[in-house]
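4 protein chains.
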Amino acid sequence: MTTQTPLRGVVPPLCTPLTPTGEVDTDSLRRLVERLLDRGVHAVFPLGSTGEASHLSRASRQTVLETVARTVAGRVPVLAGVIETGTARVLDAARAAVDAGADALVVTAPLYAPTHPVEIAEHFRRVRAGAGLPVFAYDNPATVHTKLDRATVLDLAADGTLAGLKDSSGDEGSLRRLLVALRRRGLDSSFSVLTGSELAVDGALLAGAHGVVPGLGNVDPDGYLRLFRAAREGVWSAAAQEQDRLAALFALTDAGDPAAMGRGSSALGAFKAALHLLGVIDCPATAAPQVPLDASAVERVRTALVEGGLLAG
Amino acid sequence: MTTQTPLRGVVPPLCTPLTPTGEVDTDSLRRLVERLLDRGVHAVFPLGSTGEASHLSRASRQTVLETVARTVAGRVPVLAGVIETGTARVLDAARAAVDAGADALVVTAPLYAPTHPVEIAEHFRRVRAGAGLPVFAYDNPATVHTKLDRATVLDLAADGTLAGLKDSSGDEGSLRRLLVALRRRGLDSSFSVLTGSELAVDGALLAGAHGVVPGLGNVDPDGYLRLFRAAREGVWSAAAQEQDRLAALFALTDAGDPAAMGRGSSALGAFKAALHLLGVIDCPATAAPQVPLDASAVERVRTALVEGGLLAG
Amino acid sequence: MTTQTPLRGVVPPLCTPLTPTGEVDTDSLRRLVERLLDRGVHAVFPLGSTGEASHLSRASRQTVLETVARTVAGRVPVLAGVIETGTARVLDAARAAVDAGADALVVTAPLYAPTHPVEIAEHFRRVRAGAGLPVFAYDNPATVHTKLDRATVLDLAADGTLAGLKDSSGDEGSLRRLLVALRRRGLDSSFSVLTGSELAVDGALLAGAHGVVPGLGNVDPDGYLRLFRAAREGVWSAAAQEQDRLAALFALTDAGDPAAMGRGSSALGAFKAALHLLGVIDCPATAAPQVPLDASAVERVRTALVEGGLLAG
Amino acid sequence: MTTQTPLRGVVPPLCTPLTPTGEVDTDSLRRLVERLLDRGVHAVFPLGSTGEASHLSRASRQTVLETVARTVAGRVPVLAGVIETGTARVLDAARAAVDAGADALVVTAPLYAPTHPVEIAEHFRRVRAGAGLPVFAYDNPATVHTKLDRATVLDLAADGTLAGLKDSSGDEGSLRRLLVALRRRGLDSSFSVLTGSELAVDGALLAGAHGVVPGLGNVDPDGYLRLFRAAREGVWSAAAQEQDRLAALFALTDAGDPAAMGRGSSALGAFKAALHLLGVIDCPATAAPQVPLDASAVERVRTALVEGGLLAG
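Chains as they are written, first to last, in this note's numbering: chain A, 25 to 337; chain B, 25 to 337; chain C, 25 to 337; chain D, 25 to 337.
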């Protein structure tokens, strides 16, 4: 299938369920995807940061993409995350994504070498020319260590290089200016802006964003879908109330001890512990070298789920 | 006067008009303040980043505070910005603010030495104990190089150390979690959260923030007041539309050439050029060592004002 | 061959010559390697940052490793750079390096996801266990965005996980403390510390470092070899004089316009332009998406080579 | 007295002894200064980062300067640290330094507002013009959040704006290029480069630096003086051996628990605890809001002093 233009709605960045020995647990992954499709998500996004893509081997990444594409079977678009250090490596990954049946790519700027806006634009143009799939730019300065500049994104939207943007920059001021500029140039009906700021979705939708990519949507897709629908209907107080509830639930990402593990390990471990407690996946393991949550951390996740109304107390 | 509890509304961080030789232009400052009070702002905030406080001598800072306090004469609260490197220096500045007649202080974490959340909490407690005025914490990691952590702010809200927070961190996710936590603990009726994210005010108010501290509010107070009122009345589409207009107007801050001056010089120079073009202040000079806007940059500011409907074409 | 214990000397991080269409130019690469071996370098390090590894496809990387290993043919150790985002990907690359005939790996901490010292230690232990080759840690916070902490490196040196460290952190104080600690624990005869601070090599060798990994060593291996020998013989004034000359020559890395390209593109483009001007490689192209040096920049490289005594004026 | 041209040698950044209630302990400060002069230091530098200047009130800073200037009484130059957020504030502090009898100023770039090299150059030019004292630039990106660029420093050295540089940037490559450029332009006999990288002093002196500003020199001036003399005499192995000993001793700065206090508090607390244990100052208190060292941390400082040969076991 092709992605609608522009993509709108709730697009969970899929967790990657693993077995205790670190292999991709394809049964659990299928269950996760089916659950999300049942609830009504508008697309799925495997191999993003939430999918632990940076920690997975080439074979595991391919297994994830193939499993997701087969499970989805055209019901919604599959946006394949590509986390690679440079253009040629992105093109390697893009070929694999095409083979697996992905519908679009979500691609960061070069990760490792110091770079420049001109080089970032060239990067996306080469990826678009070589990949054979629509390309979403993935702006996540906390991990990419570069902020995509607004002028570059506008240029790449205007010339058709990019189909959209996943904005996890947290720079809502710049995002607002981008949204206003896209509308002024008539690009908001062809270019999709998806926010990754999963605790400020009501504000982003009010500002004109087309959708959201919420990691917490793995755990509570209904919440984000209610939020999105309330916003679409203009019932902003209901959208805000739902966002408040999700913001409280997000406390589960702090389950891990920050002195003993990375904050990524805590957040991803918490999402997986929650999915395990909810019976969606068989094993809450995260990929090496991340530190697993201990029993008390899992208990904190359980408490958050109970308080959030997702699990009986 | 005392600050209402909690402070709500539009609180412009005042520009500091200067003469061509770099002295505080008290006549222009009075006109700026009177214009803002006429329009209906809810408080004023001299000596913030927008007021170029970090570039002003002690005597100039005192002149600013005294001029503002006398002009306001109790009509709204005067929140005095305190940008100092450490606790003892903040207390020096607090005494001067009390002498000048300020109603509250807006204080950053220590600026220069590497610090720690425990030390930041101690800092605010000592400031509160020694200053004799209500204290708002000023969270601006772009200039302070420390992010106030949510747990510290909550503690300092709960024990009455802080009267509020000016959040310019841009971390809307953390802000949302703070707002939810404050409400859950019943602190939102005593502790005021003012956003400094002046291009995402609609979202912040939807999330429960009490008000906004917009630099652009020096230039277009009516816009922010309309936005605040629309939000208070729950007409969110109108709030968003006003925010969109203001986001477009904000383009004037890019007037300066980024290769030739700091972005602060460009933004502050643009605010002052706009106030000069609007006839509010006599001279658009910024404080040394900032680079002044050249004629073509001023022309860009004029164009933005015309496009924004603030100046006849 | 196995690496000597500990590795000492001058270890150039090899440039990767490319054809005009971006393929690995294996003839030029062989000439580059032969020239360096002729001059007497102590090992070679393909696929580091200088080798543009982050910009090369999997096939290109494999071509580089195979070409280098075959050309070297056991005369010196081949240290294969591994720039990958996480543990499982490093292990993918390690297998390829073993297949190509590398003697050791040079591996960074995880690149993309937020991490923690405990996770970094686990990363290196898993790489060592799975790779089947000695592992050098590559500390380059400017590109990896994590600084390896001294305690972790000491632990991994003591338990045999790491064979050495390539330190490009620029933190000479921490490096000094590491060197002192290694000597106190008797580890300096088994663990090799190679500095990547190519303009402070005299000081690093005086401090006890075992060698240097100089990008500029592609262009002027004789300089670094003279510097190393002077240091080994304790003629420190001669070492310093040689370092001064090389520091002046290093100005060639500024050939590119910083407003028009990344500083990496400028430095790597300059190394390649120099190798091209010296007749070592056929084409000075850098990998996409880097901006190529223009004619005036190449002229600046030529001038630097002439002033540095490497090219007739 | 005037500063020699260029200043050479060991220039300790003075600790500021405090009473238990946080006042400047002028008796202890006099003893500290006398001890350093007795040992033979070449200048003293009150009110630097080591002097906790960012944490001291205006009155305390003035007491420090006056006490130091009177105690020194012209025997060596007194370089007054100026840690202020902007140009006008530096000029306020410069007048106070002149009044107190300082011989030169050590001044950072603007601290708070985003800035630009052109503005930094203007800042130093205005300070030089207005201060009436020689000016050393203080490059400390860890606290100032700006790196002075080499071209700016060279320009300001060439036109006489700056008398020297205190380089705590840790960027030894850039420092080397600066030293080479200064020599080529004949400026090394008028412009003094002092390294603040107190664990790589042998390398810096080998590279041509004129001296060192070591915080640890408060505790062990003899070590740094031996190191400086060995370097001056070209006995580099002795210089390195002394540096090694000092690097080991520097472990005392890690005495504090990093989870419970800022690293500045740990390092400054350790210097003061050491001076207290050595009988130089009466009270080891650091300025608020810093966390004091606890008893076990002080014990670690004592152990380091014993191991370093400064205290009987």
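Some hints here could point you the wrong way.
Same chains, same names: a pair is fine if it fits in one copy or spans any two.
[Stated by the list, open to error] Think about it this way: if two alpha-carbon atoms lie no more than 20 Å apart in a straight line, the pair counts; the simulated SDA-like pairs of lysine to any residue are:
no., residue 1, residue 2
1, Lys171, Pro282
2, Lys171, Val259
3, Lys171, Ser193
4, Lys171, Pro138
5, Lys171, Asp278
6, Lys171, Ala283
7, Lys171, Arg149
8, Lys171, Leu203
9, Lys171, Ala275
10, Lys171, Ala284
Hints in this document: simulated from the structure, not taken from any laboratory.
Quick caveat: nothing in here was measured; it's all calculated off a predicted structure.
Are the CA atoms of lysine 171 and alanine 284 at most 20 Å apart within a copy, between copies, both, or neither?
Answer is between: at 17 Å across copies they meet the 20 Å cutoff, but 29 Å inside does not.
Intra- versus inter-copy proximity for arginine 149 and lysine 171 (alpha-carbon distance at most 20 Å):
Only inside one copy: lysine 171 and arginine 149 sit 17 Å apart there, 33 Å across copies, limit 20 Å.
Between lysine 171 and proline 282, at a C-alpha cutoff of 20 Å, which is it: within one copy, between copies, both, or neither?
Classified as between; 16 Å across copies, 26 Å inside a copy.
At most 20 Å between alpha carbons: which applies to lysine 171 and alanine 275, within, between, both or neither?
between (27 Å within a copy, 19 Å between copies)
Given a CA cutoff of 20 Å, do lysine 171 and alanine 283 count as a within-copy pair, a between-copy pair, both, or neither?
The answer is between: 17 Å across copies meets 20 Å, while 28 Å in one copy does not.
If the cut is 20 Å between Cα atoms, do lysine 171 and aspartate 278 qualify within a copy, between copies, both or neither?
Close across copies (17 Å), not inside one copy (26 Å); limit 20 Å.
For the identical chains here, do lysine 171 and valine 259 meet the 20 Å Cα criterion within one copy, between copies, both, or neither?
neither (33 Å within a copy, 33 Å between copies)
Classify it for me, lysine 171 with serine 193: is the Cα-Cα distance of at most 20 Å met within a copy, between copies, both or neither?
both (7 Å within a copy, 16 Å between copies)
Tell me, please, which holds for lysine 171 and leucine 203 at an alpha-carbon limit of 20 Å: within, between, both or neither?
within (16 Å within a copy, 27 Å between copies)
With identical chains treated as interchangeable, where does the CA-CA distance between lysine 171 and proline 138 reach 20 Å or less: within a copy, between copies, both, or neither?
both (12 Å within a copy, 17 Å between copies)
Hint compliance for this structure: hint 2 alone is broken.
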